[in-house]
Every structure is written in structure tokens, then in C-alpha cells.
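Protein chains: 2
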Amino acid sequence: MTRLVDDLDQRLARERRELAVKQRDAASPYFRGDRRRFVQSLAAMGGVAALARTAAAQTPLGATVHDVPPDASKTPGYPLADESYGTRSQFETEVRRRFKTATPLSSWTMTPLEAGMGIVTPSGLHFERSHGGTAVIDPTKHSLYVHGMVDEPRKYSMKDLRRFPSISRIMFVECSGNGLTEWSKPTMRTVQFTHGLTSTSEWTGVPLSTILNESGLAHGAKWLLAEGGDAAAMTRSIPIDKAMKDCFLAYGQNGEAIRPEQGYPLRLMVPGCEGNINIKWLRRLEVSDEPFMTREETSKYTDLLPDGKAVQFSLVMEAKSVITSPSGEMLLDGPGFYEITGLAWSGRGAVRRVDVSTDGGRTWRRAALQSPVLPVSHTRFRFPWTWDGNETILQSRCVDETGYVQPTLGQLIAVRGLNGPLGSIYHLNAIQSWHVARDGKVTNVHHY
Amino acid sequence: MTRLVDDLDQRLARERRELAVKQRDAASPYFRGDRRRFVQSLAAMGGVAALARTAAAQTPLGATVHDVPPDASKTPGYPLADESYGTRSQFETEVRRRFKTATPLSSWTMTPLEAGMGIVTPSGLHFERSHGGTAVIDPTKHSLYVHGMVDEPRKYSMKDLRRFPSISRIMFVECSGNGLTEWSKPTMRTVQFTHGLTSTSEWTGVPLSTILNESGLAHGAKWLLAEGGDAAAMTRSIPIDKAMKDCFLAYGQNGEAIRPEQGYPLRLMVPGCEGNINIKWLRRLEVSDEPFMTREETSKYTDLLPDGKAVQFSLVMEAKSVITSPSGEMLLDGPGFYEITGLAWSGRGAVRRVDVSTDGGRTWRRAALQSPVLPVSHTRFRFPWTWDGNETILQSRCVDETGYVQPTLGQLIAVRGLNGPLGSIYHLNAIQSWHVARDGKVTNVHHY
Numbered sequence: 003m004t005r006l007v008d009d010l011d012q013r014l015a016r017e018r019r020e021l022a023v024k025q026r027d028a029a030s031p032y033f034r035g036d037r038r039r040f041v042q043s044l045a046a047m048g049g050v051a052a053l054a055r056t057a058a059a060q061t062p063l064g065a066t067v068h069d070v071p072p073d074a075s076k077t078p079g080y081p082l083a084d085e086s087y088g089t090r091s092q093f094e095t096e097v098r099r100r101f102k103t104a105t106p107l108s109s110w111t112m113t114p115l116e117a118g119m120g121i122v123t124p125s126g127l128h129f130e131r132s133h134g135g136t137a138v139i140d141p142t143k144h145s146l147y148v149h150g151m152v153d154e155p156r157k158y159s160m161k162d163l164r165r166f167p168s169i170s171r172i173m174f175v176e177c178s179g180n181g182l183t184e185w186s187k188p189t190m191r192t193v194q195f196t197h198g199l200t201s202t203s204e205w206t207g208v209p210l211s212t213i214l215n216e217s218g219l220a221h222g223a224k225w226l227l228a229e230g231g232d233a234a235a236m237t238r239s240i241p242i243d244k245a246m247k248d249c250f251l252a253y254g255q256n257g258e259a260i261r262p263e264q265g266y267p268l269r270l271m272v273p274g275c276e277g278n279i280n281i282k283w284l285r286r287l288e289v290s291d292e293p294f295m296t297r298e299e300t301s302k303y304t305d306l307l308p309d310g311k312a313v314q315f316s317l318v319m320e321a322k323s324v325i326t327s328p329s330g331e332m333l334l335d336g337p338g339f340y341e342i343t344g345l346a347w348s349g350r351g352a353v354r355r356v357d358v359s360t361d362g363g364r365t366w367r368r369a370a371l372q373s374p375v376l377p378v379s380h381t382r383f384r385f386p387w388t389w390d391g392n393e394t395i396l397q398s399r400c401v402d403e404t405g406y407v408q409p410t411l412g413q414l415i416a417v418r419g420l421n422g423p424l425g426s427i428y429h430l431n432a433i434q435s436w437h438v439a440r441d442g443k444v445t446n447v448h449h450y
Numbered sequence: 003m004t005r006l007v008d009d010l011d012q013r014l015a016r017e018r019r020e021l022a023v024k025q026r027d028a029a030s031p032y033f034r035g036d037r038r039r040f041v042q043s044l045a046a047m048g049g050v051a052a053l054a055r056t057a058a059a060q061t062p063l064g065a066t067v068h069d070v071p072p073d074a075s076k077t078p079g080y081p082l083a084d085e086s087y088g089t090r091s092q093f094e095t096e097v098r099r100r101f102k103t104a105t106p107l108s109s110w111t112m113t114p115l116e117a118g119m120g121i122v123t124p125s126g127l128h129f130e131r132s133h134g135g136t137a138v139i140d141p142t143k144h145s146l147y148v149h150g151m152v153d154e155p156r157k158y159s160m161k162d163l164r165r166f167p168s169i170s171r172i173m174f175v176e177c178s179g180n181g182l183t184e185w186s187k188p189t190m191r192t193v194q195f196t197h198g199l200t201s202t203s204e205w206t207g208v209p210l211s212t213i214l215n216e217s218g219l220a221h222g223a224k225w226l227l228a229e230g231g232d233a234a235a236m237t238r239s240i241p242i243d244k245a246m247k248d249c250f251l252a253y254g255q256n257g258e259a260i261r262p263e264q265g266y267p268l269r270l271m272v273p274g275c276e277g278n279i280n281i282k283w284l285r286r287l288e289v290s291d292e293p294f295m296t297r298e299e300t301s302k303y304t305d306l307l308p309d310g311k312a313v314q315f316s317l318v319m320e321a322k323s324v325i326t327s328p329s330g331e332m333l334l335d336g337p338g339f340y341e342i343t344g345l346a347w348s349g350r351g352a353v354r355r356v357d358v359s360t361d362g363g364r365t366w367r368r369a370a371l372q373s374p375v376l377p378v379s380h381t382r383f384r385f386p387w388t389w390d391g392n393e394t395i396l397q398s399r400c401v402d403e404t405g406y407v408q409p410t411l412g413q414l415i416a417v418r419g420l421n422g423p424l425g426s427i428y429h430l431n432a433i434q435s436w437h438v439a440r441d442g443k444v445t446n447v448h449h450y
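Chains A and B, in that order, are what the protein sequence lines are.
Using the numbering used here, the first residue of the first sequence is number 3, and each one after it goes up by one.
Using the numbering used here, the first residue of the second sequence is number 3, and each one after it goes up by one.
Hints are not guaranteed to be accurate.
Identical copies carry no separate label here, and so any pair may be met within one copy or between two of them.
Cross-link-like lysine-lysine pairs, in silico, PhoX-like; alpha carbons within 25 Å at most [what the hints assert, rightly or not]: (1) K187 - K157; (2) K311 - K102; (3) K224 - K143; (4) K143 - K157; (5) K76 - K302; (6) K187 - K224; (7) K187 - K302.
For the record, the hints were derived by calculation from the structure and aren't laboratory data.
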């Protein structure tokens, strides 16, 4: 090993000498160099066309493709473009994957949680759910209307909204259908498909209370209808207390405009509540004294109980967690050390604790929580584990700041039942079990 | 206004009736529909080719281009792709802009801070600085060598590094040359060019102490050389105490692999220290008992003082802040309310306070800090301001957790001087002044 490194030293010393020359030639003054040298250096690497190619050639997976030199330290890299919006490496291939519904116009795609790091979800991999495709809206032509039981109806352009005081919040959005295939039996193979309908971004926008106060709530105002400007005209009713408490109208996501599939140019954020009520492409707010009983809160997004009654407006996403690595379809590379890591979150506030079991729930030990631990945000947990090579089951259990403990699947089904042709659908927040076989193969199982 | 909204109500009611039909047709079962319907629905929107186009057609500015319907609520949006990595809206045009150095192979591009929101910088807009272009490295072929004054030299593949326990940290990276054009006179017009060499991401990787402990530091080890695998073979010396304290080897940025221009596949993170020492494309670590005196810490990245002596290894980025809106080249739309907002940060820890002056520094009032306020991270501040229409100067002043107060330009020059042909170069952290004219035009000025 020492010899190998010594050889390396000599090679690197040689390279540094060669590169010193290159560097002198490429040395950059701190102010504009003369046009001639600039053009020469461009010519030296293929001219302006090269710059254009650099910017234009992109894969469907969001990467700009460049030639791969045998040794990057012996070949100049690609030049910095005069204007650019960077892409990820051409070697990276994670993608959102679509659940094959009958039509891609009403469908969802899921975040590859197994590849995630930290708590922020890359905007390009944030899960999608839309009922009429992704709306394409020119922000300069978009308006938000506020009317109904208000003292003064109002209309806002995006420019108007951006003039108001703003807030930013790092928070998760989770579709209440996250895990809908997993009630009766373990159906999906990867954590992307069992849990990938949740993502975390830093959202920026205007407090909804600011906008509602501008119009003034009439006496008796109790509910708010939010309507999207997409082809589904998605509509949901929100209790006015929640609307005034901490909802906001987001135009920003992870430091730039919100992404088209997240409701560009305007989305209603309802912290801690099911994704569906975070209305995208928001165009209208109507205040009323009662809920509007839209399709999305009657035939859909309700929870059918064992006694045949259905719970409506079960909006809050309860505490939940999942181990993202090791997870379904991964293959452990033999006995030894592994860092177990995953995500925990709660619609009711901050995660207080995450416990991990490496023996199918017989014993639990506390995982480390990565700071910052923020309310209503994904929280990254980590747990050191040395695998002895025997078959076992890995689980995680979230406890939130209210003391609520993430239930086992058995405990959840005892309360919710398994109703309807598909079993239950929404708000599955049970503990996830990953089976580790002796050959290291990890699979999705139910373990009571 | 009421009439306008009533008309709107009727129109929307009509649309909802029409859309109810569309929705019924597009209604999605929760499990795979029959192939026939799926193909029909695809055909209805132009077939598989449409999906392909959706994924492939991208602008150089990182957006996928779609047709813009006159009314998005009357036309189905574009379908969700089976596999995707989302792009920003085609209506968004913010870009990193390059400072026109003599060659784009040794150059830098700057983050459009004026368009930023919250604290996270979109990865595609994170500033770039490279001395030999952006290296293209296949992560499966990349290695990190650790040698020198260690008990056992080691070599790691990326796969090896990912097996170690990891950490994540939301932190800024700032080039010590940020603002280099602004020492002697206000040169640049926008905050992108005066302050755009700083960005914040959530970074994930392995603590450097873990790797150094694996090799074991020999007695007398005091410095660490970090070397990049790019064509510049960028090298910097780091005090071993700092290396063991909180440095880490990052392979993740904002929830995915670090971007090529940030050092893919591996970057050394040195929290709070000048960007240049956060070595990108990291390939080698050499432990020694003295600094290596590389080009980047002798002829460059040193601070020349009035007495002719130069300070070396002035690594920490001191407390700094800047108002990003209103900022240079913006035009205020007449007297009235404006939210003043900007960023503050310190290499020594958390921001304790940000003061804002709207009268050229005569009076200062405390700005609101957006949570989370994290150490060594951009912190968003906001300050409500009603402009009376008179000419004035806007400034912000950061105080960090050590009590250090961001200096005025006069105070800084009194200590640092204005040396060399270009005046001083590095570590300009003075208070920025924005002049507001009676016509609302905002310009970059020096104000002592």
C-alpha cells in the first residue's frame, strides 16, 4: 500500500509540473482580458459552438452530457458558460417513477427515497400527483381571486402577491395515499413505491392570513374553498382556523420559483395536512360558513371505517418513519458495518424520537437525529448497525412532539379496518418492515 | 369588484360542469387500468411521442418547453412521464452569470441572489469557481488517497466512502474573492455581481476525522494537503485541528449527488472557510508537519496589508450580509410598502442579529431572522419598509454569535488598505450600500 502511494506521489509530482505550465497559460486576470486572448482560448477548445453544446445537450434525465477523459487531471475540464443553469452529473440516474394508472393525466410519480440524503428533496425528484396533467400557466396572466363571505372580494396578480411580506418554511408534503398499496399485503418492492409520495422543500410565500385579512372575514366564516387552475379544477375545503393559523401561498421552492408540477406559479401550503389539500395552480379562494363537499372530500380522500361510516376531513398526516437504507431490493455486501438511515416526519410538529429495531421489533434502540430537526419536516435519522449475517427484520418507529407513537400495521388495522375492494386507502402510517435474508437481499414484508 | 367576482363565479361554475365530464373520463383507478384504455388516453394526447418530447425538449436554461394554452383549466395539462427528473418552468430565466475572465477554463459564475428566496440555493444556480474547467469524472473509477504522516496510507473508492457513517449540514460556501471588484469603487451593477460568489446547500458526506483516524495521524502531524483531481490539480493546506474538528468529505448536495461544478463525485467541505479551500474533485489527502505553500496560498488567496506584508491562511469568512431586494438595477414602483430582504452569514457560527438602515446608516433597526438560523449558513432576514419617495441609502449589518460586527467599508480599508494594482482582493465583508433615487432606481454606491 505504501509503495502504491509512493508511486502515486511521483506521478502526481510530474503532473503538477506539467499542469503548472497549463495554468500559467490559463492564468486569469481579475478584470476582462483582451478580446484576442479570449477568442483564442475559445478556439483552443472548439470555439463558441462548444459553449453552445455545453448548454444545450441534455439527457431526458436532466444531465448535460460531456466527453469523459481517461484522466480528468490531464485534460482541461469543460468551460464555464457565460450564462447557465446547472444540471446534475451524467452519471446520476435517479428518477421519479410513475405508478401506472390508467392515464398519465391523472397519475402520480414517486420520489426515489432510497437515494436521498439529508432532508431536502431535489426539486427535480419531488413527487407529483395531478388529476388533469401538469398545468402550463403564464405567471404574468395568472390571478388569485378571494371572495365569498368576505367584506371585500379581491383579485391579485402574481406581482401583487410578491409585494406582501413573505415567509419561508422547510416542510414536507405527503400524499395521503402514500402507501395505499401496502394495507393488505406487501405489494411494492422498493421504498420509492412504498413511501415515495412524500418530499421536503423550503417553500416561500405569503401568509394566507395576510390575504384573508386584506378582504376581511365576514361574521360566521368557518371554511375556505381553495381551487386550482388546472384541468381538474382541484377543489378542497379548509377550516378557516387552520387557514388563518399557518397556511401560506407559495411561489418559491428551494430558492427559486416553485416547479410546474408543484403548482407553478402559486400553491396553497397547508402545513402538516395531506398533499391533496395543498392546492396547486391556485386561482380561487372562497370563504363560506360550511365545507363545500367537493369530490375530493366525499368520494375521495375519506377514510372508510369498519362500521361502514367514513371519516371526512382527516387532514393531518400523523407521525411516520421509514428506513430508506437498507431498503427493498438492496443487497447487503456480506456481514459487517452498515449505517441504517431513513426519514421521520409528523404533521403535528417536530419529531421527538426515532427508535430502530434490528430484530423484528423485539428490542428497540434510539437513532441519532440529524439537525436541524424542524416541525412538519422530514427528519433524517441514522443508526449504526453491524450485521452478523443472519436473517432479520429492520424497522423504525417515530415518536413526535405530542408523544404520539407510530403504530404497527396490526394496531392501525385494528382501528381502521381493511375496507372496500382495495382494503383501506389513505393515511397508512404504520411501521415498515424490511426483511434481510442470509444472502443479504432486502425485501418488503409485513411483520406483526 | 364584487360584480367582477360574481361574473367569475358563473364562469367557473360552467367550467366545473364541463370539467366534471373530462374528469369522469380521466378518472384513475388505484391499480393498473386495462392496457386498452391506457393506450387510448395516450393516443388522445398525441401518443407515446408526446411523452418522449415532454422528457427531451429542454432549453439551455434548464426548462422543458410545453405549449401554453390560453386557459390551463380548459385544456388537459401535460402528462406525467413514466420516468422523470423535473425541470423548472419555461417562464423562469434566472441564470448564473460568468465574470468575463480571459478564459472560461479559469473563471467564475455568480448566483443571482436578487432572485433568491429562503436560504437554500438551487443547485443549478450555485456559484462556480474553477481553475481548469469543470472536471468530468466517472465515480466508479475515482479514488481518494490518504498518505504522508499517517500510520497507514489508504485508498478509498466512492463505494468505500459511502459505507462510513455520514452527516448532513446546511452551510454556505463563499469564495474569498466575493466582492473583489468593489474595494476601491462601486464597480458592479447588481447584487449577483457584487455578492454572487456565495451559495448555501445541504451537504452530505463522511466526517474527515473518520478517514484520518482510519489511517492514524503520526506524531507531529500539523497540516493536511488536499488536492483536486481536476486539470488545475487545485491544492490547499489545512490546519490538522480544523480538519479533525468539523471538516467532511461531501458526496451529496441538496438531497442528491453533488453537482459536477461543485466537485463531483467528492468535495472537501471546510465549514466557514474560504471556498477555494473546499477542494473539489478531491483525490488526495497528504498529512504533514508544515503547510505545503502551494500557489493558492502564496501568490494567490493571501491578504496584502498596508505595511507590505501579506497575511497567509486567512481562511475564515467573517460575518457579512447584503440586502438582495431592493438591490442594484431594481426599480421601485413608486412610494409605498416594500419588504427589504437579504442574506446574512458568518464563518464563525450563527448570525445573532441583522440591523437594517434605511437612512444611510444614521439609524439602525433590527430585522426579523427567518428560522432556521443555522451556524455557517445563509440566514434570511426581512424588514418592512414604507418608502416615502425621497432619495435614500439602504444598508444591512450582520452581528454574529461571537459579537463581531460587520464593518463599514471605511473601517475595513483602514485595517486592510487598498494594495496592489487592483486594490485589495480577498475577504471584502463590508456593509453594502444601495442608493435609492427619487425615480425609484436602485444603484450600487460606496457610502462611508
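Homomeric proximity label, K187 with K224: Cα distance no greater than 25 Å: Answer is neither; intra-copy 40 Å and inter-copy 58 Å both fail.
What label fits K187 with K157 when the C-alpha limit is 25 Å: within, between, both, or neither? Neither: 49 Å inside a chain and 45 Å across chains, both beyond 25 Å.
From the Cα coordinates, with 25 Å as the cut-off, is the pair K143 and K157 best called within, between, both, or neither? This pair counts as within: shortest intra-copy Cα distance 12 Å, inter-copy 57 Å.
Could you place K224 and K143 in one of the four classes (within, between, both, neither) given a Cα distance threshold of 25 Å? Neither: 30 Å inside a copy, 61 Å across copies.
Within, between, both or neither: K311, K102 at alpha-carbon 25 Å: neither (30 Å within a copy, 68 Å between copies)
Can you give me the call for K76 and K302, within, between, both or neither, at a CA distance of at most 25 Å? For K76 and K302, the Cα distance is within 25 Å only across copies (22 Å; inside one copy 60 Å).
State whether the alpha carbon distance between K187 and K302 is at most 25 Å within one copy, between copies, both, or neither. Within one copy only: 22 Å inside, 63 Å across.
Hints 1, 2, 3 and 6, counting from the list given before, are not met by this structure.
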